[in-house]
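Undergrad: Fit chain B to the known structure of chain A by using the hints.
Chains A and B, in that order, are what the protein sequence lines are.
If you count the first sequence from 1, position 58 lands on 1186 in the numbering used here, and the numbers rise without skipping.
If you count the second sequence from 1, position 16 lands on 20 in the numbering used here, and the numbers rise without skipping.
Hint data in this document are derived by calculation from the structure and do not stem from the laboratory.
You can take every hint at face value.
Computed footprint of chain B on chain A; a stretch qualifies when at least three of its residues, placed anywhere within it, have a C-beta under 8 Å from a C-beta of chain B:
#, stretch
1, 1161-1171
2, 1174-1187
3, 1228-1240
No residue lacks a Cβ here, since even glycine has one placed at the ideal position from N, Cα and C.
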Amino acid sequence: KAGVTQTPRYLIKTRGQQVTLSCSPISGHRSVSWYQQTPGQGLQFLFEYFSETQRNKGNFPGRFSGRQFSNSRSEMNVSTLELGDSALYLCASSLEVQNEKLFFGSGTQLSVL
Amino acid sequence: SQQGEEDPQALSIQEGENATMNCSYKTSINNLQWYRQNSGRGLVHLILIRSNEREKHSGRLRVTLDTSKKSSSLLITASRAADTASYFCATDWSNDMRFGAGTRLTVKP
Chain A
1129 KAGVTQTPRY LIKTRGQQVT LSCSPISGHR SVSWYQQTPG QGLQFLFEYF
1179 SETQRNKGNF PGRFSGRQFS NSRSEMNVST LELGDSALYL CASSLEVQNE
1229 KLFFGSGTQL SVL
Chain B
5 SQQGEEDPQA LSIQEGENAT MNCSYKTSIN NLQWYRQNSG RGLVHLILIR
55 SNEREKHSGR LRVTLDTSKK SSSLLITASR AADTASYFCA TDWSNDMRFG
105 AGTRLTVKP
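The shape of chain A in the complex, shown without the other chains (with noise of 0.2 Å):
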């Protein structure tokens, strides 16, 4: 089985703009998770996603949003880019509920300028 896909591993934007990050999880897995991770707050819970549905969001402005599409696949965008989100930008995937084992992509690096 193929593990968790994220896309685009490096990303360099300017404030002001905005971003779209994409994860595609291991086949069959219904839940998708997203964190930040940074060196001063290290991860932080941002949202997870099951069955095209938000089912928990953690403590980050309406600037970060996502969604989960019918095929599980899932996107975040964060508009209105600031200096603070450049982080690296993790996904997670897990059969059906997001407090067991779950399974990480490599990540995407997200530098605002």
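TA: What follows is chain B alone, placed relative to chain A:
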């Protein structure tokens, strides 16, 4: 917000030695998991221990859980240079997984 906190923040040992990392958490849990992350990459699941279990083994890994103290420990025996990585504990919290800040382990050859 983070649910788990690892201790120590950094640990440096020689190859062949054992490495012990600790995790403390704040609220009741259903399970606790440990993950490893090599620099700049995704996390890899190591082991899951449920709240009704006290100890679990997987290869060179041993995890203990003390729910009365809200703490867990991860022991890596006979460490290798390839074990150099960051290690995170994660707890289920309000239906999602929350991660600690991690322990950075360096194993010197």
